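A.B. asks: These protein sequence lines map, in sequence, to chains A and B.
Counting from 1, one number per residue, gives the positions in the first sequence under the numbering used here.
Counting from 1, one number per residue, gives the positions in the second sequence under the numbering used here.
Keep in mind that the hints were calculated from the coordinates and are not lab data.
As the structure is a prediction and not an experimental result, all values here were calculated from the model.
Take the hints with a grain of salt, since some may be wrong.
Note that the list lumps identical chains together, so a pair holds whenever it fits in one copy or between two copies.
Claimed, not checked - Capping the alpha-carbon separation at 30 angstroms, the derived lysine-lysine pairs in DSS-like fashion look like this: (1) 211 <-> 227; (2) 105 <-> 288; (3) 245 <-> 105; (4) 245 <-> 211.
Residues per chain are reported as follows:
There are 2 protein chains.
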Amino acid sequence: MSADQVTEYMSVLGRQARQASRVIARATTAVKNRALLATAEAIEAAEASLIEANGLDLQAGRDNGLDDAMLDRLALTPAGIRSMVEGLRQVAALADPIGAIRDMKYLPSGIQVGRMRVPLGVIGIIYESRPNVTVEAASLCLKSGNACILRGGSESIHSNRAIAQCIRQGLDAAGLPQEVVQVVETTDRAAVGALITMPEYVDVIVPRGGKGLIERISRDARVPVIKHLDGICHVYVDDRADLNKAEAIALNAKTHRYGVCNAMETLLVHEGVAAQFLPRMAALYGEKGVELRGCPQTCAILPQTIAATEEDWATEYLAPILSIRVVADMDEAMDHINRYSSQHTESIITEDFTRARRFLGEVDSSSVMVNASTRFADGFEYGLGAEIGISTDKLHARGPVGLEGLTSEKYIVHGDGHIRQ
Amino acid sequence: MSADQVTEYMSVLGRQARQASRVIARATTAVKNRALLATAEAIEAAEASLIEANGLDLQAGRDNGLDDAMLDRLALTPAGIRSMVEGLRQVAALADPIGAIRDMKYLPSGIQVGRMRVPLGVIGIIYESRPNVTVEAASLCLKSGNACILRGGSESIHSNRAIAQCIRQGLDAAGLPQEVVQVVETTDRAAVGALITMPEYVDVIVPRGGKGLIERISRDARVPVIKHLDGICHVYVDDRADLNKAEAIALNAKTHRYGVCNAMETLLVHEGVAAQFLPRMAALYGEKGVELRGCPQTCAILPQTIAATEEDWATEYLAPILSIRVVADMDEAMDHINRYSSQHTESIITEDFTRARRFLGEVDSSSVMVNASTRFADGFEYGLGAEIGISTDKLHARGPVGLEGLTSEKYIVHGDGHIRQ
Chain A
1 MSADQVTEYM
11 SVLGRQARQA
21 SRVIARATTA
31 VKNRALLATA
41 EAIEAAEASL
51 IEANGLDLQA
61 GRDNGLDDAM
71 LDRLALTPAG
81 IRSMVEGLRQ
91 VAALADPIGA
101 IRDMKYLPSG
111 IQVGRMRVPL
121 GVIGIIYESR
131 PNVTVEAASL
141 CLKSGNACIL
151 RGGSESIHSN
161 RAIAQCIRQG
171 LDAAGLPQEV
181 VQVVETTDRA
191 AVGALITMPE
201 YVDVIVPRGG
211 KGLIERISRD
221 ARVPVIKHLD
231 GICHVYVDDR
241 ADLNKAEAIA
251 LNAKTHRYGV
261 CNAMETLLVH
271 EGVAAQFLPR
281 MAALYGEKGV
291 ELRGCPQTCA
301 ILPQTIAATE
311 EDWATEYLAP
321 ILSIRVVADM
331 DEAMDHINRY
341 SSQHTESIIT
351 EDFTRARRFL
361 GEVDSSSVMV
371 NASTRFADGF
381 EYGLGAEIGI
391 STDKLHARGP
401 VGLEGLTSEK
411 YIVHGDGHIR
421 Q
Chain B
1 MSADQVTEYM
11 SVLGRQARQA
21 SRVIARATTA
31 VKNRALLATA
41 EAIEAAEASL
51 IEANGLDLQA
61 GRDNGLDDAM
71 LDRLALTPAG
81 IRSMVEGLRQ
91 VAALADPIGA
101 IRDMKYLPSG
111 IQVGRMRVPL
121 GVIGIIYESR
131 PNVTVEAASL
141 CLKSGNACIL
151 RGGSESIHSN
161 RAIAQCIRQG
171 LDAAGLPQEV
181 VQVVETTDRA
191 AVGALITMPE
201 YVDVIVPRGG
211 KGLIERISRD
221 ARVPVIKHLD
231 GICHVYVDDR
241 ADLNKAEAIA
251 LNAKTHRYGV
261 CNAMETLLVH
271 EGVAAQFLPR
281 MAALYGEKGV
291 ELRGCPQTCA
301 ILPQTIAATE
311 EDWATEYLAP
321 ILSIRVVADM
331 DEAMDHINRY
341 SSQHTESIIT
351 EDFTRARRFL
361 GEVDSSSVMV
371 NASTRFADGF
381 EYGLGAEIGI
391 STDKLHARGP
401 VGLEGLTSEK
411 YIVHGDGHIR
421 Q
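Chain A extracted, bound-state conformation:
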């Protein structure tokens, strides 16, 4: 396609999505659930053809030299398909946020005012070559009453087309327009540029992927973006910590999984317990093969530690590397966090009520914890039932974004002929 043709194609998708969004916005919970469950059945029934379509993507991926991690994310296995089906059923089982009314109250004029939860409209989702995201994103948008336009990585195009076919069957079965969920069927990169610059058709963009992609999209978008950039998460071990809890959490937050945004990247330790705590941790990290990079005080306690540079404090390693800094007190810890944190997730380990209370109030991150591993910062662990991503923005949605993050609230007013005096 030429650039003009891509723009034209995308604006057709946009127009159709806008129209379909009006239908899905007022669809009943029962109808939306029927579409989700029928999609689950269609995917189950299409297992063989999904794996066949995915085979084309995998073959092309290998021919184009994709690395093993990318091929792994691209692959659709029978187990992966079962988990997609399971995910659809879970989303069907979630409470429907749409139409919920809260805080309806009488005002002095006699009118009653409250708020009603409503869909955002049309959501554009841009993601990497992970076919399971196609199903996940479609199901969350649908349940929250939104139409969506899904643009997955070009390496997964055959898989996504096959999945889109199943979703269309599900929408059909529920009597919903097929345009409620549209998969971009061109691999042309100009499609992304068009998708993020159609405010007349698209209400919000959710990019999922590497930091570079997300920064580029945020810079160029003419539509609001719910985005996730870095996860430079901190654990601060206070001198009033229970060091057994601190040990379990500092180990879990770093080593439970390395490549995730809610893993700890920097450990801050009160100088009053550093000499006691750090050698214990160094032994445990050593067993796991975690490389340590420390401030001068850390290096004095753990002589084999590499000296951390300024850059270390500002780095999301996503790897078995940890930077460690000894601080004089909680204020110094919070200053460090204020300066280097990506405002994702920070945790204090302390038994002191007043410090816990201050840390919770004063640390400006999307998740702030006391005596818990940063790894809990996750939509499922928070009981949202699902997660479209984790927002590091301050407006609209902070932290894990579930169904509610794909909605907003309008005001509703009940009167009985009331006029303004």
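Start from chain A and add chain B according to the hints.
C.D. replies: Coordinates of chain B only, in the frame set by chain A:
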């Protein structure tokens, strides 16, 4: 100042605001209220010098040929100063939204998760030459724990400098840094361009003013914008309406004030009651000097009516002009609204429960009403206690934006050594 100097000046303001935002974010309610009340006292005490400074602006305005409406908005009278002082005391009396925790609950893992309301950080406000907005915006940002940078119209520069002096006295008296509220003291237009492109220092922009200004800011901003564009509001009179209520509301919504965003611009009338209702309304509108522009059916009922053009349906008159359309039923009314509304405020007049319920659910505007005048769409009328503006965006805040709209929520987690399994 050269363009470089303006950029440098603005980034100094930005850096200072970011720093001050950390202090105001954790200030107690008592300290914030002390600052508000001390500012009120400072303004009262400075009445003479405020009026003198304002005199310089008015003189310059007259010399530069400002029209009467602009001079009127620019003028600071003793009564206007009293109402600024009163406003500060009202904001001090409002509940502090910051730190409120909701929905703290145990999850299966044993952690407790809830949400805490927090400030946005630094808010940039861009507005016309209305000195009272300086006080209003400063007080709302301060109470909601945010630092702010205020950029008023250049015609009000002397007034704003004098007001800024009073606000600094108020901040001083409460022991807060003066940089919590900063007024841009250059009239150079490049200051606006700099303010909206410093995401490192400014978290959100609230523009107040004409549509052209707001569109320009939204287009160029590299920071989220809470904005208000058109107010093309509709009243739909159903055939099951109580026509006495309909009459009172249709009159109030159009004629209570003409130049406001929540005034009705289009009246939709069910064909079953049009012949009975429209002549009554035409007489009342005639008395008020409202010009009517109608669809062919309207013109058949009211022969002296001008024929409405396609453009009329899409126009925010802000004037004693009303477009009228007869519709076959509520669905046609909602189709018209979907197509032409600016999603600000729409009201249905009906005694029918099922239609009221459908209208409330299906009309996608920031305020949807039953049997009430669109003029109620207002922060004070909704009980917010204050209003920084009315948002026509869908993300974050829809409709009247009070203190809560200047905040967001973070997640907080309480554990007892919990780690992720």
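A.B. asks: Which numbered conditions among the earlier hints are violated in the structure presented, ordered from lowest to highest?
C.D. replies: Failing hints, ascending: 2 and 4.
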